[in-house]
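Peer 1: Here are the chains, one letter per residue:
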Amino acid sequence: MNITVTINGAATAIECEPFDTLLAVLRRQGLVSVRYGSDTGETGASAVLVDGRLVNTDCMLAAQADGHEVVTVEAFNTAELHPIQAAFVAVGAMQSGYSTPATILGTWALLQEHPDPSEEQIRDMLSGILDRETAYVKPVEAVERAAALLRDEATEPFGPLVLPPMTDGRNPVDVDPADARPTASPAVPRLIPSRDVPEMAVVGKPEVKVDAIRLAKGNPAFTDDFEARGQLVAKVLRSPHAHARIVAIDDSAAVALPGVHAVLHHENTPRIKYASGGQSWPNPHPYDQVSFDDKVRHVGDRVAAVAAETAEIAEEALRLIEVTYEVLPAVYDELEAMADGAPVIHDEDDTTDIHDRDRNIVHHIEAQRGDVDAGFAAAEHVFEQTFRVHQVQQVPIENHISVAWLDSDERMVVRTATQVPFHTRRMLAPLIGMEIKDVRVIKPRIGGGFGAKQEMLIEDIAAHLALATRRPVKLELTREEEFMSSRTRHPQTLTFKTGVADDGTLVSQELRIIGNTGPYGTHAYTVQTVSGLRGLTSYNCPNKKFDCDVVYTNIPVPGAYRGYGAPQAEFALEAHMEDIAHELGIDPIEFRRKNWVVVGSELDIAPHLGERSVEEGELDEYPKVMSNGIEECVAQGRRAIEWHRTADPAWTTPPDRPNIRRGLGFAFCMHGTAIPFLDMGGCSIKINDDGSFNMLIGATDLGTGADTVIGQIAAEVLGVPLDDIKVYSSDTDMTPFDTGAYASSTTYISGTAAKLAAEKVRERLKERAAKLLGVEVPCTIELRDKRAWAPDGSSVSLEEIALDSLHMDEHEQIMGTASYVSPDCPPPFAAQFAEIEVDVDTGQVTVVKLVMAVDCGVAINPVTASGQVEGGMIQALGYAHCEEFAFDDDGRMVNAALGPYKIYRADEMPETEVYLIQTMEDSGPFGAKAVAEIPKDGVAPAIRNAIRHATGARIDDLPFTPERVWNALHPPT
Amino acid sequence: MPSVLAYHRPGNLDEASTLLAGDNRRALGGGTVVVPDSRVQRDVGVELVDLQALGLDGIESDGDRVVMGAMVRLGELTTHELAPALLRDLARRELPSALRNQATIGGTVALAESSSVLLAGLLVHDAQVMLHGSTGRQLDDVLASGLDGGIITAVSIDSTGHGAIAATGRTPADEPIVAAVARTGADGVRLVLTGVAPTPIQVDPADPTAGLSPIGDFRGSVDYRLHLAAVLSARVVEEVAS
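Here the protein sequences come in this chain order: A and D.
Residues 1 to 973 (this note's numbering) make up the first sequence, in order.
Residues 1 to 242 (this note's numbering) make up the second sequence, in order.
Since the hints were derived computationally from the structure, they do not count as laboratory data.
The beta carbon of each residue, even a glycine, is placed where N, CA and C say it ideally should be.
Keep in mind that a hint or two might mislead.
Stretches of chain A that chain D covers, calculated by requiring three or more beta carbons in the stretch to come under 8 Å of a beta carbon on chain D [claimed, not checked]:
no.: 1; segment: 51–61
no.: 2; segment: 841–848
no.: 3; segment: 880–886
Work the whole structure out from these sequences, hints included.
Peer 2: Quick look at the structure:
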């Protein structure tokens, strides 16, 4: 059919099909700022203005727009940023930026109607555009700023609010805790500087993200934004059964369908075993997956894949594939899966290294220091408590997407939304029968990952189909597929047993975990070791033991999810510690303080866990905590949450609201920074004619701001503004190796690599500057303000040095390459506080406020760091409060859509405040530690402890949904 | 087999009626539900009949009643001066911003979702559903026995009185597990519950859970939904009475 749509002011005649969505048609018109997030409008990523109103184009037919006016963000794009775009850039309101174009359009529509909108009106507008990254804090600020700009009002530069410390690092200083709390917009990070940290030119500054302009303009940046000529569309047939054998598969009708170019399944695809987790070589065993198997092990598991001319033809072909299944008994619960008589999920002969195949136990993990049994015998008090944590998903707004093609040299190129391009290249090559040298993986911008994309999840399917068809093939998961077939957080049953002396000192602590990894191992081994590590590291204790079984079941596959085993363990630990304190009659924070690690404490269980673990006795000494700002974190957080209200019964039980109880809760958080001796990053820097630099890194910015932060580190070393560092990441043909974006490693590992590479460049610049300036000792030269300065005040510009070296004399390309792997894993620390209300008649919990005070060392960029904390906290809030996978009796997920699977919207958010407590971590680049994952650790236990404070109810299962809380308040008699 | 075989945009109601009388036809309001649902591959494709050109998007006052065209978007209802305050609030609660700019009142009625607070609001405002070529029907009758193929042209409500909602969800803006919506008007208190029956259902304020048999799911069991129905009904009835 033919329609005419006025697109960005131009009447446009379009030929389309009746079933085409407006999203599909606009993208075909090259308007790539309009993005896919789902098919039903819940994400808002596809929103545009139709006749001036914000509407979703994924659930609207193109035909419906016939005769109407459509505006996309491309209409705003000129050489200068539109004031709305400028506002989003200025306050750091974009992380991945995937849905930023939609948000900018919504802002425009709002400000047309309300030039001076209330926060409620702003949040109402934002309610239609889900954001998994910013917690909406900085977008709200951006809309307010945009409104001011459009009213021609002056705006202040956006940056942190610097506050004086409340402690000297250990004890309170002369600050009255009852002093008025500092006030500033919630979007503003509160920064408490350390006197150990020198003032720097670029590091520590709220620099604008290096990718801000392309994100604000909706320029082509993401995997789907570049389309190869002749590109085919792939779709995957998925299992309707939780556990079944494929008895027969008849693809003849699908193959015969016009427009179908390939149909792949277990009968025509090589059976090569692998593990899909994106981890360092050699990936932890067992290798329990193949590209297409003759058995399916969860609803949504792969059965076959089709490449066709269009998505509709591919979907029709899937319907024509006839599969005969022998349905097998299935098991979903980790305890039942270990029991006698449970169905054996991996009964095939070619999967080796399963710990106990007949009991579905894929891994058994143990680590110990001291003697816990002797410790329990000696302790005056022993407490034991069991917790159950559930299954949730990362929910990046950009689903998994890969495009694969053979280039002109017939090498396989895969452009893909991945956090691990180098692991993907290495893992993909054998599956498609190619050598690593003939595979190239390109990571463009990514629309969020959070661990879901730390996986070689779909790249093999796209590559198999590209080989079979000799055409470019795109595979993009639908939202439903993302839920059922990508990755999730591991459910666990955790039991803590703790021996305590009369004075509150920990004597012995044991953590037993039964982890549920669904039908495939992927990250299971490492995730559960991190659970053990995080569960047993926060507190000093002479006797510790971790005992863990990881179990196969038939649920959708868990894998890596931001936090990576820590949120489960720290929920249990911080609930357990809270309850012990109450049992012993000790203030819960004081009880923790008595036991938590301080500077100099040994990280004693750490070396005994993980892929590079060692036995007790193999170590000369244990790693130690070298920086720790927890006392300042607690002091600032207590003031911010008004902790003194815990002692006020009239506050807890408001007389005018008889069904409401209020509570405050606390959790101590500790995380890691990268995996020592394993995580590695590389960086290469070269100078250009104008004295600017190209920086190539393998690090994988998935929206976090990593490219910006690593660029700031190099700029600081080289004495140039950030704009003179042009960052490119990442491409396995072009950039140095990097393990990828995970384990809170990028700033610390890849940042150190960048610092080392920049220092090599700096040495060459000094040598050449010394020659040009006639200085005898090059090390006396300093780089700043784009110039090299001699001690006598004479200087030469970096441009002059570049031109001299590239064109004039003793020619050389000034460049430096370095890589880094760390022997250390310096822990960031945090104090997480929560304020909640419980409706005791319904069980509904309302989270009023979250405060997190984080010691992440030196925040290289306080704005992006605070954005990480805000986004992480709200994901953690979802984990605690409302997100959960729900299944029917046959293992089919019943809420595989956003809405039924509930993530927080802008118009229902608690208030948040972020404090960045600076410490100097000498092992990190310019003092930095990690910030990415620790925000995931404390929200669930802080809310749990707040519910306990409010009502006395102790709830040891997640999430705190109304019926669960009500049942806890009204236990069956 | 293409999922959507054809798209029609009739210019008047008779034409629309004729088009919808064919096999496998479906009326298209905003499309937020019908479009994704129709695009799923099936054995038989559908033809969609878009109602946007029928002039059904007005809101008019008629004495004590307000007549809202079937194609009025929920987003417009959230601010319209003729809409009672309760309905403005419930239209906002029904969907987030962008979806609200697409979804229509007629579509809300046609979908008849159990959890729809806006439908509950229409019910307490004594809604009548206007159908092309036939007399209006009470909304509760439409919900109980179905539309029977007619084209909804408008929904008429008694705009007098004042109302309130009490709801419990996982989060403040979550689709409620159970919601109680009440209004006091000339004929006393009307009370409607969501989440306890296949559609929102009017109940007796004096005995709100009598005869209810909710369907439980992961968000709320049968017993818990009945408990919420009792608690929230008492709250909302007290609120509108005060």
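Peer 1: Work down the list of hints and note, for each, if the structure agrees.
Peer 2: We went through each hint and held it up to the structure:
1. Coverage of the segment 51–61 of chain A by chain D holds [criterion: at least 3 residues with CB-CB distance below 8 Å; count 8].
2. For the segment 841–848 of chain A, the stated coverage by chain D is satisfied: 5 residues place a CB nearer than 8 Å to a CB of that chain, which reaches the threshold of 3.
3. Proximity of the segment 880–886 of chain A to chain D, defined as three or more residues with a beta carbon under 8 Å from a beta carbon of that chain, is established by the 4 residues found.
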